[in-house]
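Participant: Below are the chains, spelled out letter by letter.
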Amino acid sequence: MKFKTAVTGLALGAALAVSATAAVQAKELKFAFQGTLTSWDPYRLNETFTLGTMGNVYEGLIHRKPNMVIEPGLAVSWEIMEPTRWRFHLRKGVKFHNGNDFNADDVVFSATRVRAEGSDLKTRISADTKAIKVDDYTVDFVSDNPNPIIFSEWGTWNIIDKEWATANNAVTPQNVGGTEENYLTRHANGTGPFIMVSHEAGVKTTFKPNPNYWGKKQHNLTSVTYTPIGQDATRVAALLSGQVNMAYPVPVQDQARVNAASNASVLIGPELRTIFIGMDQFRDELLHSSVKGKNPLKDKRVREAVFHAIDIKAIQKKVMRNLSEPSSLMIAPSLTPISKDHYPRRAFDPAKSKSLLAAAGYPNGFEIGLDCPNDRYVNDEAICTAASAMLAKVGIKVKLLAQPKAKFFPKVLAPNLDYSMYLLGWTPGSLEAGNVLRDLFYCPRASKGEALWAKESRNKVGKGKFNIGGYCNPALDALTDKILSETNMKMRDEMITKAMGITVDDAAYVPLHQQALAWGVAKGVHVKQRGDNVFDWRYVMID
Amino acid sequence: MIALIIRRSYQSVVVMLVVALLAFTMFRYVGDPVSMMVGQDTSLEQREAMRVSLGLKDPVPVQFARFVMNTAQGEFGISYQLGRPVAEILSERVPATLELSLVAALFAMLVGIPMGVYTALHPQKWLSKAFLTISLVGISLPTFLIGILLILFFGVLLNWLPTFGRGEVVMLGGWSTGFLSGSGVKSLLMPAFTLGMFQLTLIMRLVRSEMMEVLLTDYIKFARARGLSNKAVNFGHALKNTLVPVITITGLQIGNIVAFATITESVFQWPGVGLMFIQAIGLVDIPIMSAYLVLVALFFVIINLIVDILYHVVDPRLRVDGSGAHG
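Going down the list, the protein sequences come from chains A and B.
According to the numbering used here, the residues represented by the first sequence are 8 to 550, in order.
According to the numbering used here, the residues represented by the second sequence are 0 to 326, in order.
Since the hints were made in silico from the structure, they are not lab data.
One should not assume that every hint holds.
[Claimed, not checked] In silico DMTMM-like cross-links for lysine to aspartate or glutamate, where the CA-CA straight-line distance does not exceed 20 angstroms:
id, chain 1, residue 1, chain 2, residue 2
1, B, Lys56, A, Glu463
2, A, Lys418, B, Glu91
3, A, Lys211, B, Glu44
4, A, Lys467, B, Glu91
5, A, Lys215, B, Glu91
6, A, Lys325, A, Glu374
7, A, Lys412, B, Glu91
8, A, Lys462, B, Glu91
9, A, Lys455, B, Glu44
10, A, Lys211, B, Glu91
11, A, Lys412, B, Glu47
12, A, Lys418, B, Glu167
13, A, Lys129, B, Asp40
14, A, Lys470, A, Asp135
15, A, Lys418, B, Asp40
16, A, Lys462, B, Glu47
17, A, Lys470, B, Glu44
18, A, Lys412, B, Glu167
19, A, Lys470, B, Glu47
20, A, Lys129, B, Asp57
Only chain A is shown next, with the shape it has when bound in the complex:
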């Protein structure tokens, strides 16, 4: 009897010792981000942080590596059967967090749900594409037109368990204006390397590793906690005090302080987003301007004059504190086949700018408005202030209006288009040039022959819906159409190079730079930074 108790005691002691060592070795990732994760429905909001965070819990058919290169995710391989038919072979033996098997039914279900009413990710798969189950682990995607990059955005098209969503009455995403909470808003059930444990929107979300994850384990975490901290100073203080061991973004003005601290440093990397100035080229009379009866920005010489007036080196050095990469194209160099110096930037040359203005008939310049967000991009308002001062030197007097993004976007974007020049940033969702050519350069009109941004059909504009400047070059449109359906990658790359050349030549926009990413990371925490600012925990190691 006594012996038995002693053995039990020993066993208990051993168990306690084991759990004690486990506690010592707890590797907790605690990170803070400036924004809020509002809903856990994978199709509710098409936004980088939301989808990036979900990518740790849910998975798509493909996965983007830290260098953005595509690797197999829930699909092991894919091939083109015929130009309009893609075949995807699914991974076997994968289970959702609730234990359900992953199979073709889930993919077909997700393909329907992602295009259902209430989804914000409808463009992940074009409306005409049909997802057809071939067998339990093979799915075909058949579309009307060939699509060479059908899967480019599927890294964030997260696959949902059909049985689970059906059982919880969440076959479609929550309808806008609806009155009921959707089950998926606060529940998650993916196949990914982490399991969501609790979620209080705007307060805290906690996760634990998925012990049954199909892939190779590349992290050593025991738990993950995410806290949204909106105030820059508070977020930096949380990192420096050790309460979180990763915080992003770190504002430009605090980076030296973080680097000077003994327990943290700033990880800098180029972001994929391109910041640029757009110009009204479609109105016959410019808004917010002293010029009446005509639109000077329709004249290419005036647009070039604006370009030559911008001292991008000064912006890089003084405003961005060297945390930016000046750009000559409307897309980050890593996303195009075009070499960085293939199309050089128009040089900073105020004298040339003045002579161009004089040649265009504005020797004394003119007045113009510039709309700018003040809480969207790194130092956005400061960039606009600097640009305004530079334009003033060549005679273009800028009335700057910088306001919060909640006010800025509805003012500038369609259907209002209330601006004469504006500052905006763009990351192509598909991470390649086709999207840029389609969304930023395509003539914005509902049908050929119609006026650009015609008032009555503004909301029907599909291609070119973010071409709010109304730049239009039919030859480029024809080329873009070819690019969007060319399946030969080499020919596609050649056409992209040519198309980008046209946009540079036309001075359609004034691209400024790609801003830098700044992640505050505690000593002893090793992370992989992705160019689209997505934080993928599966690569996090803590010493």
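Using the hints provided, position chain B relative to the given structure of chain A.
Facilitator: Relative to chain A, chain B alone:
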């Protein structure tokens, strides 16, 4: 007394309607909720359809009438961003704000009143002068600056106190409390101090000036002449008569504490309704913003009512006046 409450309730309804109108007018200028609800790929047609289904395209009077009707029934709708009933979110977030406000108010009163009494009784002592100097700092430094300085000193430099959040919370029924855990109490110190600092200086200065005035009155001189002890004179007679204006101001300040909590909460990432409001403004989440404003207005109205009733309890003259009006 009941007549008073009924009369006040009528006035409160008018106040609430005015607040609703102001709030509603404000929402027309905070931005477009739809552009905050969708990503860049959503087509312009879908955006327009969303505006229609949210009722943003209806005529303004229709929208306002709907807003008032729903609010009157306690129906705040579904949050645009969080996709959950606003009432539910509010009830989760209110405990954090109330606990913080309560501690801040208690701190302001329990420290502020003795400090005021002391500085009134001993105006020439160096400690009084020190109190007054500190109070000047408290009244002139903005709340967020005090908060950030505290964070830098106690959080980052000394590493004694947590820099953000509520720490561990314990659920008691539907109420989440931070009082029952070590980290919860530690987390409460800096935000409560930051929030209570301004009120503390206000109460202290108010008590001081009222008390100094009362100390010069004849009945105090008479009480001293009667040979009453200092304690009885200072606390039994002087302080008691000082308290009427102090109750008014303190009562109104409790409303202010809750309203001011937005700043403190966002500096300390304190997960209360104030932080929720700030987050909602950034995302143009109108249902949450309107619910918060109505809630704060209601809070003010109730506090005012309580203050009025307390007046009648503390000051016998008002009771006479009240019955006179009826007679």
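Participant: Does the alpha-carbon distance linking B:Lys56 and A:Glu463 stay inside the 20 angstroms limit?
Facilitator: holds, 17 angstroms
Participant: Going straight from one Cα to the other, do A:Lys467 and B:Glu91 come out at no more than 20 angstroms?
Facilitator: violated, 42 angstroms
Participant: Hint check: A:Lys325 vs A:Glu374, CA-CA at most 20 angstroms. Holds or violated?
Facilitator: Roughly 25 angstroms separates the two Cα atoms, so the pair is violated.
Participant: Between the alpha carbons of A:Lys215 and B:Glu91, is the straight-line distance 20 angstroms or under?
Facilitator: Violated - the C-alpha atoms of B:Glu91 and A:Lys215 are around 24 angstroms apart, more than 20 angstroms.
Participant: Holds or violated: are the alpha carbons of A:Lys412 and B:Glu47 at most 20 angstroms from each other?
Facilitator: Cα-Cα ~19 angstroms, so holds.
Participant: Can you confirm whether the C-alpha distance between A:Lys129 and B:Asp57 stays at or below 20 angstroms?
Facilitator: Violated: A:Lys129 and B:Asp57 sit about 27 angstroms apart, past 20 angstroms.
Participant: For the pair supplied as a hint, A:Lys211 and B:Glu91, is the alpha-carbon distance within the 20 angstroms limit?
Facilitator: Given pair A:Lys211, B:Glu91 holds - Cα atoms ~13 angstroms apart, limit 20 angstroms.
Participant: Is A:Lys470 close enough to B:Glu44, meaning Cα to Cα at most 20 angstroms?
Facilitator: Given pair A:Lys470, B:Glu44 holds - Cα atoms ~12 angstroms apart, limit 20 angstroms.
Participant: Taken at face value, is the distance from the CA of B:Asp40 to the CA of A:Lys418 at most 20 angstroms?
Facilitator: Answer holds: A:Lys418 to B:Asp40 is near 18 angstroms, not above 20 angstroms.
Participant: Hinted pair, alpha-carbon criterion (20 angstroms max): A:Lys470, A:Asp135. Please report holds or violated.
Facilitator: holds, 16 angstroms
Participant: Compare the distance between the alpha carbons of A:Lys412 and B:Glu167 with 20 angstroms, and conclude whether the hinted pair is satisfied.
Facilitator: It is violated: about 34 angstroms lies between the C-alpha atoms, which goes past 20 angstroms.
Participant: Sort out whether B:Glu47 lies within 20 angstroms of A:Lys470, counting only the CA atoms.
Facilitator: Measuring from Cα to Cα gives roughly 17 angstroms; hence the hint holds.
Hint compliance for this structure: hints 2, 3, 4, 5, 6, 7, 8, 12, 18, 20 are broken, all remaining hints hold.
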